[in-house]
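Visitor: Each chain, written out:
2 protein chains.
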Amino acid sequence: MDIAFLGLGSMGLPMARNLLKAGHRLKVWNRSADKARALEAEGATAVGHPKQAVSPGGVAITMLSDDAALEAVALGANGFVPALGKGLHISMSTVSPELNRRLAKSQHAVGGALVAAPVFGRPDAAAAAKLNIPCSGSEAARARALPILATLGQRVQSFGEDPGAANVVKLNGNFLLLAATQAMAETLAVAQAAGLERRDVMDFFTSTTFACPAYLVYGGRLADEDYSAGGFKLSLAAKDLRLFSALAGGHNLPLRGLLEQRFQEAMDSGLGDQDVTALAQTLPRK
Amino acid sequence: MDIAFLGLGSMGLPMARNLLKAGHRLKVWNRSADKARALEAEGATAVGHPKQAVSPGGVAITMLSDDAALEAVALGANGFVPALGKGLHISMSTVSPELNRRLAKSQHAVGGALVAAPVFGRPDAAAAAKLNIPCSGSEAARARALPILATLGQRVQSFGEDPGAANVVKLNGNFLLLAATQAMAETLAVAQAAGLERRDVMDFFTSTTFACPAYLVYGGRLADEDYSAGGFKLSLAAKDLRLFSALAGGHNLPLRGLLEQRFQEAMDSGLGDQDVTALAQTLPRK
Chain A
1 MDIAFLGLGS MGLPMARNLL KAGHRLKVWN RSADKARALE AEGATAVGHP
51 KQAVSPGGVA ITMLSDDAAL EAVALGANGF VPALGKGLHI SMSTVSPELN
101 RRLAKSQHAV GGALVAAPVF GRPDAAAAAK LNIPCSGSEA ARARALPILA
151 TLGQRVQSFG EDPGAANVVK LNGNFLLLAA TQAMAETLAV AQAAGLERRD
201 VMDFFTSTTF ACPAYLVYGG RLADEDYSAG GFKLSLAAKD LRLFSALAGG
251 HNLPLRGLLE QRFQEAMDSG LGDQDVTALA QTLPRK
Chain B
1 MDIAFLGLGS MGLPMARNLL KAGHRLKVWN RSADKARALE AEGATAVGHP
51 KQAVSPGGVA ITMLSDDAAL EAVALGANGF VPALGKGLHI SMSTVSPELN
101 RRLAKSQHAV GGALVAAPVF GRPDAAAAAK LNIPCSGSEA ARARALPILA
151 TLGQRVQSFG EDPGAANVVK LNGNFLLLAA TQAMAETLAV AQAAGLERRD
201 VMDFFTSTTF ACPAYLVYGG RLADEDYSAG GFKLSLAAKD LRLFSALAGG
251 HNLPLRGLLE QRFQEAMDSG LGDQDVTALA QTLPRK
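So the protein sequences, as listed, match chains A and B.
Residue 286, in this note's numbering, is where the first sequence stops; the numbers in between run on with no holes.
Residue 286, in this note's numbering, is where the second sequence stops; the numbers in between run on with no holes.
Derived by calculation from the structure, the hints in this document are not laboratory data.
Heads up, a few of these hints could be off.
Stated by the list, open to error - Partner residues are not named here, just some residues of chain A that face chain B (Cβ under 8 Å, in silico):
1. A189
2. A193
3. A194
4. F205
5. P254
6. R256
Remember, it's a predicted structure, so these values are computed and weren't measured experimentally.
C-beta: ideal position from N, C-alpha, C; glycine also.
All chains, full assembly: derive it from the sequences and hints.
Guide: This is the structure we're talking about:
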């Protein structure tokens with residue numbers, strides 16, 4: 001299949017690679033062109049702007065960092081939406097549900113469709129094609145997207161027709177993850193102060209009641225105090241939390257408020273480029 | 001082996017049953033005597049006060065609701081510590097690390113030892129002998145306790161010599177659990193307000209990033225809004241949180257503070273006898 005892949009960041013790049021490996025023909029675009037050119041050695045065709053990547057009636061996948069980037073790529077000066085026409089836009093970025101609803105309308109206006117399919121998993125899960133993917137959009141569009149999503153992930157679950165729904169799920173999941181990160185950071189501080197080894201305590205939890213990727217991956221980093229970049233950037237987590245808060249709207253949820261404060265503090269402390277687990281570094285000292 | 005089992009609540013009763021099934025001879029005591037008598041049909045001997053259950057040099061297991069109950073049973077008027085003498089006290093209640101350290105000293109003073117071995121798991125896990133058990137105490141005492149603990153649980157992990165250590169782990173684990181409960185309650189409120197089914201969202205999370213008992217069990221109840229009693233009583237969770245806070249001491253941990261407030265509110269709303277997930281009912285309405 002001919003696929004346009006737009007956005008080759010730490011997630012997009014391994015995802016595009018898996019599509020190439022599966023035999024698809026890719027036209028790729030990235031804001032900084034060097035990443036797109038690097039993929040040419042693996043069989044992709046690099047193009048100069050988003051519109052050049054798509055063909056009428058074809059498939060375009062977007063994997064960008066935030067609402068502004070996605071909106072520019074889709075509807076900006078060289079935006080691909082008109083050129084994609086009757087085609088399918090698979091929107092995989094972690095963005096607001098509202099933006100996906102708007103882009104679905106824009107694509108629909110030119111005869112096409114949008115499936116929202118944000119992903120759970122860090123870059124290593126993307127490389128291993130083990131992403132978990134909630135998706136939503138019209139039934140026909142989802143049916144067309146499914147084989148592509150199955151190439152990228154290990155589980156795809158549909159959340160119905162609303163093109164905003166999948167991103168509601170994604171933002172909720174990230175909220176759970178950030179809450180767990182804060183909880184683990186506090187727990188490990190208390191355990192360490194009581195004379196226990198952080199690793200021993202986390203290993204026990206992740207072998208029993210909390211034996212799941214969220215605690216294994218983020219708890220592992222927290223246990224080892226490894227806050228280096230390479231996974232889920234703190235600044236992106238802060239962005240996701242703002243989107244969750246916008247979604248929650250007038251709903252006064254106490255933990256949401258606390259996490260907003262905590263992430264603001266972490267950003268103000270200059271931790272934005274580190275891993276999200278660097279949140280632990282802003283805990284008040286005993 | 002002859003074992004004294006003290007405390008036949010919703011956790012103690014199925015645990016005592018598993019020891020009987022494994023062929024041990026049990027003398028059992030409970031504050032309300034009917035539960036002890038009920039176990040006589042299964043081969044146990046019911047006694048009138050804690051001291052009568054133990055024999056010098058033997059093994060005593062305690063599974064009581066809080067510090068006050070355990071202290072009374074161990075050191076009160078008919079407390080068992082002197083009568084147990086050179087024996088082994090396996091202290092399985094969720095109590096303060098400090099109390100276990102004190103009881104270890106008392107037992108040591110008469111030639112015996114204490115192993116702290118609090119448990120993770122709800123009554124159904126206790127019945128299935130699938131508890132997860134952190135333990136701590138002197139090496140010899142742990143070696144003696146191990147076969148008994150292996151009869152009650154699926155995983156036993158040692159945390160060294162300090163008889164307080166295992167309860168530090170237990171209180172930390174419950175803190176993680178209560179934080180996850182609050183996070184799931186907020187998430188599901190937002191998802192529902194956005195038009196999604198609570199069950200669909202939770203099923204996705206518990207099949208992927210959060211596929212572990214904490215989220216499956218507590219998330220399942222929250223998804224279904226089933227706050228009925230029978231699992232982990234909210235008033236006991238509030239007690240555990242107070243113990244965690246005492247442990248954290250001067251450490252100003254923001255999520256701990258928030259959960260303390262939330263549980264106080266839930267207790268004030270008369271939810272103490274419901275399941276811990278009833279915490280969701282005190283979320284501010286949109």
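Visitor: Each hint should be assessed against the structure and marked as holding or not.
Guide: Against the structure, the hints:
1. A189: Cβ of A189(A) sits 6 Å from chain B, so the hint holds.
2. A193: 7 Å, holds
3. A194: Constraint on A194(A) satisfied, holds at 4 Å.
4. F205: With a closest approach of 6 Å, the F205(A) hint holds.
5. P254: 6 Å, holds
6. R256: 6 Å, holds
Taken one by one, the earlier hints all hold for this structure without exception.
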